[in-house]
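If you're matching them up, the sequences are chains A and B in order. For reference, each letter of the first sequence is one residue, going 1 to 329 in my numbering. For reference, each letter of the second sequence is one residue, going 1 to 384 in my numbering.
It should be emphasised that the hints constitute simulated quantities derived from the structure, not laboratory data. One or more hints might be untrue.
Said to hold, decoys possible - For lysine-lysine, the following DSBU-like pairs were computed, each having C-alpha atoms within a straight-line distance of at most 35 Å:
| hint | chain 1 | residue 1 | chain 2 | residue 2 |
| --- | --- | --- | --- | --- |
| 1 | B | Lys148 | B | Lys108 |
| 2 | B | Lys189 | A | Lys212 |
| 3 | B | Lys32 | A | Lys216 |
| 4 | B | Lys199 | B | Lys273 |
| 5 | B | Lys32 | B | Lys148 |
| 6 | B | Lys108 | B | Lys199 |
As the list claims (entries may be wrong) - Covered by chain A, according to a simulated footprint, are these stretches of chain B (three or more residues, beta-carbon under 8 Å):
| hint | stretch |
| --- | --- |
| 7 | 291 to 303 |
| 8 | 313 to 327 |
From the three backbone atoms N, C-alpha and C, an ideal C-beta is built for every residue, glycine too.
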Amino acid sequence: MLADMIQRLFERSVDDAAQARARDGQWLADVWAEVEEMGLPLALLTEEQGGFGLTLAETGEALHLLGLHAVPLPVAETMAANRLLAAAGLPLAEGPATLARADGLTVADGRLTGTVERVAWGEQLDCLAVAVGDTLYRVPRAGWTVADSGLAMNFHPRPAILIDCAVDASAPLPYCPLAGGATVRAYQIAGALEAALDLTLSHTATRVQFGKPLQKNQVVQHELAKLAGELACATAAADLAGEALDRGEVLGVAAGSLRAREAATAGASIATQMHGAIGFTREHRLHLYTTALWAWRDEFGGQVMWAKLLGQAALDAGGPGFWPMVTEL
Amino acid sequence: MSAIPFPAPPADSAAVVALRAEFRAFLAEQLKDRSPRQRSDNWYGYDRAFSRAMGQAGYLGMTWPKEFGGHERSAFERAVVVEECLAAGAPVGAHWIADRQSGPSIIKYGTPEQQQLILPRIAKGELSFGIGMSEPDSGSDLAATRTKALRDGDVYRVTGTKVWTSFAHEADYVILFCRTSGTPADRHKGTSQLLVDLKNTPGLTIRPIIDLAGQHHFNEMHFEDAVVPASMLLGEEGQGWDQVMSELAFERSGPERFLSSIELLVQLIEVLKTRQSDAAQITVGRVTARLAVLRRLSRSVAGMLQNHQDAGLQASIVKDIGALFEQGLPDIARELIDCEPDPRAAGAYSAVLANIVHNAPSWSLRGGTREILRGIIARGLGTR
Numbered sequence: 001m002l003a004d005m006i007q008r009l010f011e012r013s014v015d016d017a018a019q020a021r022a023r024d025g026q027w028l029a030d031v032w033a034e035v036e037e038m039g040l041p042l043a044l045l046t047e048e049q050g051g052f053g054l055t056l057a058e059t060g061e062a063l064h065l066l067g068l069h070a071v072p073l074p075v076a077e078t079m080a081a082n083r084l085l086a087a088a089g090l091p092l093a094e095g096p097a098t099l100a101r102a103d104g105l106t107v108a109d110g111r112l113t114g115t116v117e118r119v120a121w122g123e124q125l126d127c128l129a130v131a132v133g134d135t136l137y138r139v140p141r142a143g144w145t146v147a148d149s150g151l152a153m154n155f156h157p158r159p160a161i162l163i164d165c166a167v168d169a170s171a172p173l174p175y176c177p178l179a180g181g182a183t184v185r186a187y188q189i190a191g192a193l194e195a196a197l198d199l200t201l202s203h204t205a206t207r208v209q210f211g212k213p214l215q216k217n218q219v220v221q222h223e224l225a226k227l228a229g230e231l232a233c234a235t236a237a238a239d240l241a242g243e244a245l246d247r248g249e250v251l252g253v254a255a256g257s258l259r260a261r262e263a264a265t266a267g268a269s270i271a272t273q274m275h276g277a278i279g280f281t282r283e284h285r286l287h288l289y290t291t292a293l294w295a296w297r298d299e300f301g302g303q304v305m306w307a308k309l310l311g312q313a314a315l316d317a318g319g320p321g322f323w324p325m326v327t328e329l
Numbered sequence: 001m002s003a004i005p006f007p008a009p010p011a012d013s014a015a016v017v018a019l020r021a022e023f024r025a026f027l028a029e030q031l032k033d034r035s036p037r038q039r040s041d042n043w044y045g046y047d048r049a050f051s052r053a054m055g056q057a058g059y060l061g062m063t064w065p066k067e068f069g070g071h072e073r074s075a076f077e078r079a080v081v082v083e084e085c086l087a088a089g090a091p092v093g094a095h096w097i098a099d100r101q102s103g104p105s106i107i108k109y110g111t112p113e114q115q116q117l118i119l120p121r122i123a124k125g126e127l128s129f130g131i132g133m134s135e136p137d138s139g140s141d142l143a144a145t146r147t148k149a150l151r152d153g154d155v156y157r158v159t160g161t162k163v164w165t166s167f168a169h170e171a172d173y174v175i176l177f178c179r180t181s182g183t184p185a186d187r188h189k190g191t192s193q194l195l196v197d198l199k200n201t202p203g204l205t206i207r208p209i210i211d212l213a214g215q216h217h218f219n220e221m222h223f224e225d226a227v228v229p230a231s232m233l234l235g236e237e238g239q240g241w242d243q244v245m246s247e248l249a250f251e252r253s254g255p256e257r258f259l260s261s262i263e264l265l266v267q268l269i270e271v272l273k274t275r276q277s278d279a280a281q282i283t284v285g286r287v288t289a290r291l292a293v294l295r296r297l298s299r300s301v302a303g304m305l306q307n308h309q310d311a312g313l314q315a316s317i318v319k320d321i322g323a324l325f326e327q328g329l330p331d332i333a334r335e336l337i338d339c340e341p342d343p344r345a346a347g348a349y350s351a352v353l354a355n356i357v358h359n360a361p362s363w364s365l366r367g368g369t370r371e372i373l374r375g376i377i378a379r380g381l382g383t384r
């Protein structure tokens with residue numbers, strides 16, 4: 001039901017022209033207004049927190065659709081930020097928001113100061129949920145200036161921001177912002193991979209070379225099978241991360257996030273290769289997904305950070321403890 | 001909307017959690033003297049005593065009806081027992097094929113007499129099965145099978161050769177895929193399945209095929225006018241192709257398709273735990289993530305089987321990615337630890353590495369080659 005509404009919204013409003021505007025740094029205010037009207041920013045909240053009490057399957061599908069349409073707005077970030085703010089008992093965002101960890105920020109004399117790197121749509125946000133040590137701060141937009149013009153791989157803004165403001169709202173940190181961000185990114189990666197597979201199947205069915213459609217070649221079929229496998233892994237990985245986040249277990253988030261990041265790499269590579277030169281252009285839609293995958297796979301903690309976290313836990317468990325640890329993920 | 005759906009597996013029920021704890025205790029006792037090298041044999045470890053202990057404790061034929069000696073438990077409960085066996089390196093070879101595919105095929109297609117003759121003894125861990133599919137000229141192309149079984153009164157007279165039959169020299173039965181009419185040019189038409197008693201079939205000769213590791217798991221079964229009672233026809237004459245595809249679906253759906261080299265990972269972690277480095281943590285972390293996601297996909301397949309859904313496509317994906325995972329572990333280990341693997345080494349790590357390197361090539365061959373599986377997946381995507 002919710003999925004159908006989301007699907008219709010983005011099919012209608014996020015067309016290629018909108019994608020091009022967003023890539024030029026324009027804020028799609030009309031689309032954002034519809035996102036808010038639909039209540040998407042509150043989708044990860046429980047009913048007690050003011051949300052709709054959606055199941056994990058429903059929220060997962062919503063996040064998947066954000067990837068499937070490569071939605072060029074920080075919707076997933078806002079959902080994750082509100083989830084964290086609600087868990088901390090802080091006021092929710094009143095517009096677009098994101099979440100970050102920035103232990104380099106300084107807290108002194110009731111003021112929060114310092115730089116947060118690579119904030120998605122940092123100019124346009126309403127607020128930022130930022131963790132410093134064991135504390136979560138809710139920083140309103142008036143509390144920062146935008147310091148540079150950083151970009152993600154899909155050319156969406158990722159500026160550094162310079163915070164200097166009185167501490168307005170803070171609370172003990174319920175869980176790491178990177179876990180929340182990495183989880184929504186895993187779902188988006190799976191969605192983008194599904195779009196990439198759809199496009200690749202369609203291209204290889206219609207593109208004729210040597211007198212037959214590309215996908216009648218066995219070598220192409222095998223690449224399509226591998227791409228479908230990466231999509232299956234990314235989807236399962238996102239669900240694994242989502243369930244772990246709900247249980248408050250960061251190792252499961254690490255496992256799911258890591259495998260989704262690997263799938264982003266492998267899947268983008270296969271999809272591009274199967275498209276031939278047209279997949280390397282802006283003329284064809286594939287680039288919307290491949291460039292998003294190349295952005296998302298390195299955000300909210302890179303794969304080195306997450307792999308070290310999970311790997312250390314596995315090594316600490318030792319040989320005999322390894323399998324019992326895996327069955328708890 | 002081209003994704004191949006893998007429904008989310010349900011959370012473990014209280015019964016499943018209790019079973020896992022109980023079964024881990026059972027395995028700890030049963031396997032207390034089993035060395036890492038022995039554990040690394042994984043599903044091709046063969047020990048009749050262990051299989052009997054499994055049967056006595058009620059861990060075989062778990063999902064089967066009680067009238068056949070089964071225990072009417074869920075596919076998830078069976079999946080727990082299977083994955084715990086493999087993770088622990090239990091010697092499951094003497095019941096593996098029977099419990100996984102032969103028994104379920106006999107439940108689906110067998111006569112009441114066949115069911116009563118065979119199923120309770122599989123569930124007790126007393127009967128061991130081999131697979132009678134591949135031939136010298138019929139590997140991936142199973143429909144090219146030549147072995148002939150011609151009806152002659154109350155018997156079939158069987159002539160032909162089957163190969164790669166694991167443990168035929170130890171096992172009690174195979175389900176033989178053969179041609180009961182026509183010629184190989186007829187492809188899947190005219191094929192049937194026969195239950196062949198390996199210990200009591202005049203005209204059957206079993207010869208070893210030694211693998212590159214010097215081990216004797218495989219055999220050639222040569223049938224020279226061998227006599228099989230007509231009462232041992234499984235299912236319907238001429239329906240062999242559909243039946244054998246159903247058997248393969250059972251074969252391809254299990255977690256053994258990514259846990260074959262788990263003992264190497266266990267030993268690798270055991271070596272690295274006291275000398276942790278960034279490289280060790282990063283590599284082990286990534287491997288752990290891959291394993292956790294494969295396991296989730298496999299549990300999804302178990303859920304589909306529990307709901308009587310066709311999981312053939314999903315199982316092919318798990319097996320394709322799973323084989324790459326288990327085959328990739330030796331090279332991942334080699335990037336972290338310098339070690340000349342030695343098949344007779346006293347040290348656990350070296351001996352396990354040697355055994356895994358020797359055996360890994362077969363994992364993307366048996367039960368459907370990587371190329372066959374990818375063809376199945378591509379067909380599922382609508383490309384052929």
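How the hints compare with the structure:
Distance restraint check for Lys148 (chain B) and Lys108 (chain B): the Cα-Cα separation of roughly 24 Å lies within the 35 Å cut-off, and the hinted pair is therefore satisfied. For the given pair, Lys189 (chain B) sits about 30 Å from Lys212 (chain A) by alpha-carbon distance, which is consistent with the 35 Å threshold. With a C-alpha separation of about 53 Å, the suggested pair Lys32 (chain B) and Lys216 (chain A) falls outside the 35 Å cut-off, and the hint is violated. Using a Cα cut-off of 35 Å, the hinted pair Lys199 (chain B) and Lys273 (chain B) is violated, with the two alpha carbons roughly 49 Å apart.
For the hint pairing Lys32 (chain B) with Lys148 (chain B), the CA-to-CA distance comes to about 46 Å; that exceeds 35 Å, so the pair is violated. For the suggested pair Lys108 (chain B) and Lys199 (chain B), the alpha carbons sit about 25 Å apart, so the restraint of at most 35 Å is met. Under a criterion of three residues with beta carbons nearer than 8 Å to beta carbons of chain A, the stated coverage of the stretch 291 to 303 of chain B is upheld, 8 such residues being counted. For the stretch 313 to 327 of chain B, the proposed coverage by chain A is satisfied: 4 residues have a C-beta within less than 8 Å of a C-beta in that chain, meeting the threshold of three.
In this structure, the hints that do not hold are numbers 3, 4, 5, in rising order.
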